[in-house]
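With chain A held as given, fit chain B onto it using these hints.
Number of protein chains: 2
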Amino acid sequence: MIELDFKKGGGLLPAVVQDHASGKVLMVAYINQASWDKTLESGEAHYWSRSRKEIWHKGGTSGHVQKIREIFVDCDKDTVLFRVEQVGGAACHTGYESCFYRKIGADGGATIVDEKVFDPERVYKK
Amino acid sequence: MIELDFKKGGGLLPAVVQDHASGKVLMVAYINQASWDKTLESGEAHYWSRSRKEIWHKGGTSGHVQKIREIFVDCDKDTVLFRVEQVGGAACHTGYESCFYRKIGADGGATIVDEKVFDPERVYKK
Numbered sequence: 001m002i003e004l005d006f007k008k009g010g011g012l013l014p015a016v017v018q019d020h021a022s023g024k025v026l027m028v029a030y031i032n033q034a035s036w037d038k039t040l041e042s043g044e045a046h047y048w049s050r051s052r053k054e055i056w057h058k059g060g061t062s063g064h065v066q067k068i069r070e071i072f073v074d075c076d077k078d079t080v081l082f083r084v085e086q087v088g089g090a091a092c093h094t095g096y097e098s099c100f101y102r103k104i105g106a107d108g109g110a111t112i113v114d115e116k117v118f119d120p121e122r123v124y125k126k
Numbered sequence: 001m002i003e004l005d006f007k008k009g010g011g012l013l014p015a016v017v018q019d020h021a022s023g024k025v026l027m028v029a030y031i032n033q034a035s036w037d038k039t040l041e042s043g044e045a046h047y048w049s050r051s052r053k054e055i056w057h058k059g060g061t062s063g064h065v066q067k068i069r070e071i072f073v074d075c076d077k078d079t080v081l082f083r084v085e086q087v088g089g090a091a092c093h094t095g096y097e098s099c100f101y102r103k104i105g106a107d108g109g110a111t112i113v114d115e116k117v118f119d120p121e122r123v124y125k126k
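First to last, the sequence lines map onto chains A and B. Position 33 of the first sequence, counted from 1, bears residue number 33 in this note's numbering, the numbering being contiguous throughout. Position 22 of the second sequence, counted from 1, bears residue number 22 in this note's numbering, the numbering being contiguous throughout.
Excised from the complex, chain A in its bound form (with noise of 0.2 Å):
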């Protein structure tokens, strides 16, 4: 059993989610040990939620959860990458498929270069 390196982060460690399919990456969020261990048990993306100081099952909310397809741990075991099937299509909570939505021009401008999957107001209005 592989024992990341969560002392450098303070607890927390970066996770890289990249779609198995298309390659594209979608979102960076942090882990824990406790969330590590529930992903590893539940084939299901969980991170740590800065914000909330909270376990994060990605898509509890939206539906849109993260299955795992496969984990990489970097050389210094302080990042990991998860190739995953984003159910929904969009792994954004603004409704793009991927948090990296905006491309830095030549000027340090940024451009949105992608369309919305879905509309947030819908998908996580109560």
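Hint data in this document are derived by calculation from the structure and do not stem from the laboratory. The C-beta atom is built at its ideal place from N, Cα and C for all residues, glycine as well. Please note that the accuracy of each hint is not assured.
PhoX-like mimics (lysine-lysine), calculated; alpha carbons at most 20 Å apart, straight line [stated by the list, open to error]:
#1 A/Lys116 / B/Lys77
#2 B/Lys24 / B/Lys67
#3 B/Lys53 / A/Lys8
#4 B/Lys38 / B/Lys7
#5 B/Lys8 / A/Lys8
#6 B/Lys7 / A/Lys8
#7 A/Lys103 / B/Lys77
#8 A/Lys77 / B/Lys103
#9 B/Lys67 / B/Lys38
#10 A/Lys24 / B/Lys77
#11 B/Lys103 / A/Lys38
#12 A/Lys24 / B/Lys103
#13 A/Lys103 / B/Lys24
#14 B/Lys24 / A/Lys77
#15 A/Lys103 / B/Lys67
#16 B/Lys116 / A/Lys77
Taking CB as the label site, the calculated pair distances span [claimed, not checked]:
#17 A/Tyr124 / B/Lys116: 39 to 47 Å
#18 B/Arg122 / A/Val123: 49 to 57 Å
#19 A/Ile2 / B/Gly89: 24 to 32 Å
#20 B/Glu115 / A/Leu40: 21 to 29 Å
Structure of chain B alone, referenced to chain A:
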């Protein structure tokens, strides 16, 4: 000019580095404002070395620089994605193409799934 949110991470934020041609995730490193500016100015990836506490021109020693092809920023502006041309074919100091050369199995153990591109003892020797 986009302003990244460096505050959340105490002056640093993660950069995910992806091969622009293959889509392979190569590494994650950290940037501060100065390394971000250097990256935009020079067109080659510059990071902040958390261990050496200095600006790190990736490839400065090995020659394995990362030529920036595209940059994306995430929804919260606290993570960036560099799509690069990796000179030398390997991003990892261990000699592997990607730092994510180990796959986690169902039992939580790690297995090396890549081949080394270079011998680190030759590249880094003085």
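Legend entry - Those earlier numbered hints the structure runs against, lowest number first: none
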